[in-house]
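Trainee: Sequence:
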Amino acid sequence: MIESKLTLDIITETLKGEKYEEQITNQLEHLEEVEYEHTDTGLLIFIEYRKAAKEFWLTDAQLYEVFGESDHELSKVELINEELNIRAETSVHFKNGLIERVEIWNQQGDYPEDDLETWELRQIN
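Heads up, the sequence shown is in UniProt numbering, so the first residue is 1 and it goes up one at a time.
What the hints contain is simulated information worked out from the structure, not anything from laboratory work.
Careful, some of the hints might be misleading.
Claimed, not checked - Result set (DSSO-like, lysine-lysine): computed pairs, CA atoms no more than 30 Å apart in a straight line:
hint, residue 1, residue 2
1, Lys95, Lys54
2, Lys5, Lys16
3, Lys95, Lys5
4, Lys19, Lys5
5, Lys19, Lys51
6, Lys54, Lys19
7, Lys16, Lys54
8, Lys51, Lys95
9, Lys95, Lys76
10, Lys19, Lys95
11, Lys51, Lys5
12, Lys16, Lys76
13, Lys54, Lys5
14, Lys76, Lys54
15, Lys16, Lys51
16, Lys76, Lys19
17, Lys76, Lys51
Claimed, not checked - Derived Cβ-Cβ restraints for the label pairs, each shown as a range:
hint, residue 1, residue 2, range
18, Asp110, Asn26, 22 to 28 Å
19, Glu22, Asp60, 18 to 24 Å
20, Pro112, Thr59, 36 to 42 Å
For glycine and all other residues, C-beta sits at the position ideal for the given N, C-alpha and C.
Working from the sequences, and respecting the hints, build out all of it.
Mentor: Dropping the structure here:
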């Protein structure tokens, strides 16, 4: 299971209102973070799945309904921490119908290597 509250919050907030929100949300208990890659301005969180997650994968037809011809990624949430000067774009990426990674890119400079203790998530229109 995904242990990072920030990662879970980004994913669940991003999925709100999506056509297959419940199906994708059911993947979460079968996913886990396996690697973190810090860049100067962001963080990549790589996720792998346990076999049981395949029960909730999105089919090719469902992926087409959600993304059309676009990349299989959702970017609907902004991460904010005023104290640390963070106003970051976030995106949730899918591969083969399953969540594969979460990306965070701070638009205002460096992104800290330590875990955030507080944050706000805002839907992007």
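Trainee: Each hint needs a verdict: does it hold in this structure or not?
Mentor: For each hint, the structure was consulted:
Straight-line distance between C-alpha atoms of Lys95 and Lys54 comes to about 12 Å, which keeps the hinted pair within the 30 Å bound. Restraint check for Lys5 and Lys16: the C-alpha separation of about 16 Å stays at or below 30 Å, so the hint holds. A hinted pair counts as satisfied when its Cα atoms are at most 30 Å apart, and Lys95 with Lys5 qualifies at roughly 22 Å. Proximity of Lys19 to Lys5 is assessed by CA-CA distance (about 23 Å); at most 30 Å being required, the pair is judged to hold.
Pair hint Lys19 plus Lys51 holds up; C-alpha atoms about 23 Å apart against a cutoff of 30 Å. Distance hint between Lys54 and Lys19 is fulfilled; the C-alpha atoms sit about 18 Å from each other, no more than 30 Å. At roughly 21 Å between alpha-carbon atoms, Lys16 and Lys54 fall within 30 Å of each other, so this suggested pair holds. Proposed proximity of Lys51 and Lys95 is supported: the alpha carbons are some 15 Å apart, at most 30 Å.
Distance hint between Lys95 and Lys76 is fulfilled; the C-alpha atoms sit about 18 Å from each other, no more than 30 Å. This hinted pair checks out: Lys19 and Lys95 have alpha carbons roughly 17 Å apart, not beyond 30 Å. Straight-line distance between C-alpha atoms of Lys51 and Lys5 comes to about 23 Å, which keeps the hinted pair within the 30 Å bound. Taking the CA atoms of Lys16 and Lys76, the gap is near 9 Å; set against the 30 Å cutoff, the hint holds.
Simply put, Lys54 and Lys5 have alpha-carbon atoms about 23 Å apart, close enough for the 30 Å limit, and the pair holds. Distance restraint check for Lys76 and Lys54: the Cα-Cα separation of roughly 25 Å lies within the 30 Å cut-off, and the hinted pair is therefore satisfied. Restraint check for Lys16 and Lys51: the C-alpha separation of about 25 Å stays at or below 30 Å, so the hint holds. A C-alpha spacing of about 14 Å is found between Lys76 and Lys19, which places the hinted pair at or below 30 Å, so the restraint holds.
This hinted pair checks out: Lys76 and Lys51 have alpha carbons roughly 28 Å apart, not beyond 30 Å. About 36 Å separates the C-beta atoms of Asp110 and Asn26, a value inconsistent with the hinted range of 22 to 28 Å. Taking 18 to 24 Å as the suggested C-beta distance range, the pair Glu22 and Asp60 conforms, at roughly 19 Å. For Pro112 and Thr59, the Cβ-Cβ distance of about 38 Å falls inside the hinted range of 36 to 42 Å, so the restraint holds.
Hint check: a violation occurs at hint 18 only; the rest are consistent with the structure.
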